[in-house]
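Put the two chains together into one complex; each comes in its own frame, and the hints tell you how they fit.
Line by line, the protein sequences are chains Y and V.
Every letter in the first sequence is one number past the one before it in this note's numbering, and letter 32, counting from 1, is 32.
Every letter in the second sequence is one number past the one before it in this note's numbering, and letter 35, counting from 1, is 35.
For the chain V half of the interface with chain Y, some residues (derived, Cβ under 10 Å), not all of them:
id: 1; residue: Val8
id: 2; residue: Ala42
id: 3; residue: Thr56
Counterexamples of contact, computed for chain Y against chain V with all Cβ distances above 12 Å:
id: 4; residue: Met1
id: 5; residue: Val5
id: 6; residue: Arg6
id: 7; residue: His90
id: 8; residue: Leu112
id: 9; residue: Arg117
id: 10; residue: Ala119
id: 11; residue: Ala120
id: 12; residue: Ala124
id: 13; residue: Ile127
id: 14; residue: Met138
id: 15; residue: Ala142
id: 16; residue: Asp226
Simulated DEER-style distance windows between Cβ atoms:
id: 17; chain 1: V; residue 1: Ile37; chain 2: Y; residue 2: Val59; range: 31 to 39 Å
id: 18; chain 1: V; residue 1: Ala99; chain 2: Y; residue 2: Val215; range: 41 to 49 Å
id: 19; chain 1: Y; residue 1: His213; chain 2: V; residue 2: Val8; range: 35 to 43 Å
Worth flagging that the hints you see were computed from the coordinates, not collected in a lab.
Every residue gets a Cβ at the ideal spot worked out from N, C-alpha and C, and that includes glycine.
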Amino acid sequence: MTQGVRDSFSAGLGIFPLGIALGLLIVQAGLPWWLAPALSLAAFAGSLELLLVGMMATVTPLAAVALTVLVVNFRHVFYAFSFPLHLVKHPLGKAYAVYAMIDEAYAVNASLPEHERSAARLLAMQIACEIYWVGGGMAGVALGAALPAPVKGLEFALCALFTVLTLDAFRSRAELPSLLLAGVSVTVALVLTPGAAMFTALLLFVGLLLLRHTVTARRTAQEAADA
Amino acid sequence: MPSTSYLVAVLAIVFTITVALRAVPFAVLGRLRGSAIVRRLAVWMPVGILAILAVTALHGTITTDPHGTWYALLAVAVTIGVHLAFGRRTILSVGVGTAVYVVLLNTLST
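Isolated chain V, as found in the complex (with noise of 0.2 Å):
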């Protein structure tokens, strides 16, 4: 188990990081509006960078229980099946695709 000081440490980098990255921009946005390469990233990163995660994501659960390939690969269809089916309710998608991954392997990989 980590010891409090390193948690600590943790939380205050995270603090730090997090606020410099939502008010750094606010500061110098008026050098940065106008510019061209600021609107072309704006606009290409985010899909970008969320696809990146999810694939990572699916990639450490993989890692953690090897044995449930399937059943990650299985529930990613069912997330997106119902986002795209349901008229992309955030929380039915991820509550019914996490709900089919836990419940396949809590029971059928013992």
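For reference, chain Y alone in the conformation it holds in the complex (with noise of 0.2 Å):
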């Protein structure tokens, strides 16, 4: 359990800080305090969380709300392939290790030889990761209540952030076609519809994946046909 509440240390130096960063932004975007924690329990997802403030300010319709978290958290679907929950007995520790089954705490776990892998270690890291979710919401509340006038700019954390994961998510030659895929799709995204060009362009991409695999499945199919 110990070694969980370590592990967590490296995760929490960019967890409070954006937790931080979420509560200054409830709190600029008018909304209520309360919100910040309320948030952070509900979906325990920095990245999303961060974007959801801004269409909660404006109101934007619930559809629109569920397709864009539909769309933003699939990438936690490929979580299940290799996050270790049988280590887990307990039916409530399952099902809270599912819960906050979040980028980091699967980035953390996945960093683990398996033998070192058990299931205090893991959920004492998975609640220490919540802890500074909600804390630094909540720190981040009390800082932007304390600030005389409004500081602009720190949406740019956000983009920021995913700046930084794409860079440590693009390791080998056989992710450059996505990248490129995900640039052409992003493109069309912003002329055609810049008011839901997230959304739009997540949408392309996928439909872009879909068809290279089917390239380059006949590609496979065709080679084996060929040796």
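The structure is reproduced here in structure tokens:
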């Protein structure tokens, strides 16, 4: 368990300040303070929450909110393939581990050797992460209330975070076509539907990847037939 | 300011969809695990999705403060530079990049 808490420190360095940014944004958007802890407990997904603050401030239709959540967090579907849920035996523990399967928890766990993993270590790390996240949000709310004038431009933290995560995710040549397809998708989306660019771009991107899959599958079959 | 019932509805939607996205794959894992399409998408998707989010977040920032476009582009360059130069420490890169943008925007463009 102590090990789990120690595991959480590196993730906490990113989570806590981002929580502060979230709290500040909520206060500056004119939304009520309780939204910081409520949103953090309901979603427990940093980048999504920062996006939602802007959407809620402008009272975006609920259907658009639902679609955004679905598309932005769809990546979590793929975590299930390597997340060691089988270690956790207790049903409540299992439920919590799934609910708290955030990017950071997945990444920290993935970096551990298999024999060092345990249910207690995993859950302790996840609980610690949630405490940093909710605590950071509360600290941000307090800070936002104490500031004399709104600080402009804090939402840039989101852009910076995604830029950094893109750099970290981009490690191999096999991912270059994906990056290019994403570039095409987002360019087309910004030109055609600047108001809903993210949503259009993600849909286009998934469509292009399915196309790429078909092409790759056909080529593999062709090579098998030629050989 | 949005009504409380609207905010609560958003929270309910967000909770349901987020948990479902995290839980459902475990339930259907047996059937999905071997399929080629899922294995490929798992490798291909993350970097593209993150790149799209980075670009649209930048677009959002620029739309909010159009006069700060050059500051935003400079701050992105600083973020990337710091990240590659100082050993990929996320919090440092994000912190420095954001500080550059916030300081430039609040001091130079009044």
